[in-house]
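**Q** Listed here are the chains, written in short residue letters.
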Amino acid sequence: MAAKNGRAVAELEEKASNGRKTENERELLLGLYRMLVKCRMCDEKARILFRQGKYAGNFYSGVGQEAAEVGAAYTLREDDWIAPSHRDWTANIIKGAPLNLCFAQLFGKATSPDRGKSTPAHMGYPPIHTITPASSIAGQLAVGTGVAFGLKKLGRDSVVVSFFGDGATSLGGFHEALNFAGVHKLPILYVCQNNLWAESVPLRLQTALKDLSDRAKAYGFPGISVDGNDVLAVYDAATRAIARARAGEGPTFIECKTYRWYGHSEIDPAKYRMKEEVEAWKKRDPLVLFEKTLRDKKLLSDESKTKVAQEITQEINEAVDFAEQSPYADPSELAEHIWAQE
Amino acid sequence: MPRTITMIDAITEAMAQEMERDDRVFVMGEDIGLSGGVFKATAGLYEKFGEERVLDTPLAEGNIIASAIGASMVGLRPIAEIQFADFITPAMESIVQQASKIRYRSAGGYGCSLTVRICCGGGTGGGLYHSQENAAWFVHEPGLKVVMPSTPYDAKGLLLAAIRDPNPVLYFEHKKLYRTAKGEVPDGDYTVPIGKAETRRRGRDMTVVTYGYMTTLCLEAAEKMSKEAGIEAEVIDLRTLAPLDREAVLESVRRTNKCLIVHEDKRTLGIGGEISAIIAEEAFDDLDGPIIRITGPDVPAIPFAPPLEHAWMVNTDKIVAGMQKLAAY
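First to last, the sequence lines map onto chains A and B.
Residue 342, in the numbering used here, is where the first sequence stops; the numbers in between run on with no holes.
Residue 329, in the numbering used here, is where the second sequence stops; the numbers in between run on with no holes.
Errors might be hidden in some of the hints.
What the simulated footprint calls covered on chain A by chain B, stretch by stretch (three residues with Cβ under 8 Å from a Cβ of chain B suffice, anywhere in the stretch; the number is not a length) [what the hints assert, rightly or not]: (1) 118-130; (2) 143-153; (3) 175-181; (4) 325-339.
Heads up, simulated EDC-like pairs for lysine to aspartate or glutamate below, C-alpha to C-alpha not over 20 Å straight-line [unchecked claim]: (5) B:K196 x B:D245; (6) A:K307 x A:D296; (7) A:K185 x B:D245; (8) A:K282 x A:D321; (9) A:K185 x A:D227; (10) A:K153 x B:D56; (11) A:K153 x B:E20; (12) A:K185 x B:E52; (13) A:K275 x A:D285; (14) A:K271 x A:E199; (15) A:K282 x A:D214; (16) A:K153 x B:D23; (17) A:K54 x A:E324; (18) A:K153 x B:E51; (19) B:K325 x B:D286; (20) A:K153 x B:E52; (21) A:K153 x A:D79; (22) A:K45 x A:D321; (23) A:K153 x B:D22; (24) A:K45 x A:E311; (25) A:K153 x A:E249; (26) A:K153 x B:E47; (27) A:K185 x B:D286; (28) A:K45 x A:E266; (29) A:K45 x A:D268; (30) B:K182 x B:E198; (31) A:K153 x B:E30; (32) B:K40 x B:D56; (33) A:K45 x A:E324; (34) A:K307 x A:E27.
Note that these hints are calculated values from the structure, not bench results.
The model shown is predicted, which means the values in this text are computed figures rather than measured ones.
Ideal placement from N, C-alpha and C gives every residue a C-beta, glycine not left out.
Throw the hints in and build the complete structure from the sequences for me.
**A** Spelled out as structure tokens, the structure:
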């Protein structure tokens, strides 16, 4: 009798546990979806604002690559770091930067984290540990590797995600950093968003490799290539790599095969690409692909989709207002922040 | 207690004492651990502090600096060694684009408390790629502090100041001074302030502005001029090249009304050019003669063959000739 009751309890517990798992999965999938939509909408808004002449400089759209960005950064903890590149303005959004600051960054306003010093897409925000990028490709990756080195020396279990494109893998600094990370088993994920074009240079002129993840072999740590338009594929790879890094087992190279829909920047019409290539990739829109997954699981309806979009639109509109109304830094700030205040 | 020690020993002592005092401090570079450095600047540190804090790095100067920058961003205090100033070029990206700009581009959000020890200088038969004194490259980059000691006392005090400075400091060491410069050095803790020049010799007739190894030669030349011609030169050792101690130079020039600038580095766009411009802008009315520079020539680097190297190097005779020329005004 007791045994029978015991089994019943166990069954009930298992059921409850499955329920929790289902609930957790549901929360995760909807969270990923919302973040994908948020990144897409913010990025498209950034493009529109630039084209409207609302801010100067330039913008490097990551539309089409959101699954790689969100999948890799979504599970990071507050104490984890991101070393973004020029196309990773949205990495700040995923890591939790308030949208007000992100749009103030585009406008170069004094309310942005760098008070208008860095260009629109080069955003970092120290409270969430995103490193303000330099424009020099792979320079960021090397410094991010140094942060991982420092974290390991301090005995912390935080990790670094380094975002970069296919072009960055050709630089000497890339090799030096990955070699060092391999030697010291540093807690870092090298997330390469291979979008097939480094500005206007096609991949075939960048490297003889078919899979950029093969580069990891040279540094003695694992490299994998995933469908960069499949957010769950990236998420799974990143989750495993993060666990590996936290456990002190070292870096992982994740190549996300993806595609940028627009030019290198907003002033690049990208006429060097074949229309057919662009159209084929747009048919593999990471957002549409994931929507289908959610609809199949009955987690998304037209109604809930509209609701998400409406909420984000409102958030964006408020952020744009904030950015527009914010002041520029006073010219007297020109020579500030060169030296530490002792 | 002050003792008489060499410059290289003063440098080693500064690192050892600071590592003892501050757990955040560590050293990294090529051949600095097991071998104790090609000039033995880190001798004994590996045995004392272990690999965790005395790290032999892969042969990649760019990454030595980049990884040190990253480590400093999470609160550590790295001392990175560049074995020869000639090999600093692969690290230009890390130093010029990252170390000097990370604070500015993040409006103070991120900082970089980094010391880079760089062995430099000619006159030892090192040839084209083991002799360069290229500190001026970095003086052009606001955000970087650049120092170069000429005495063992300053070597220790400036290095301790550099390690504790919350900004990136490039600390140039002239290899010719490592074992030839000997002097009194306290065994305890002290710092030499960054940004302050030191007057090594008082004189009424002309100001000689110099730094590093050249300070020794300028002092020799000044003694010679004093004995042979009764000309009394004031010798200012800059010690810090960025930020320059403009006031020390201007105050002296306003008294002596003449200025000779001496450096080993190439002439064009060298430190001498900048100091000349500062004097021309700020003390034009005080000058009784032209500003004269005695410098290395505009030749790509110091050639190997001894007569060629000798022809490159600034020496006491060249400095005396410059002093005589200036004294004639």
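**Q** Checking against the hints above, which ones are violated?
**A** 7, 8, 9, 15 and 27
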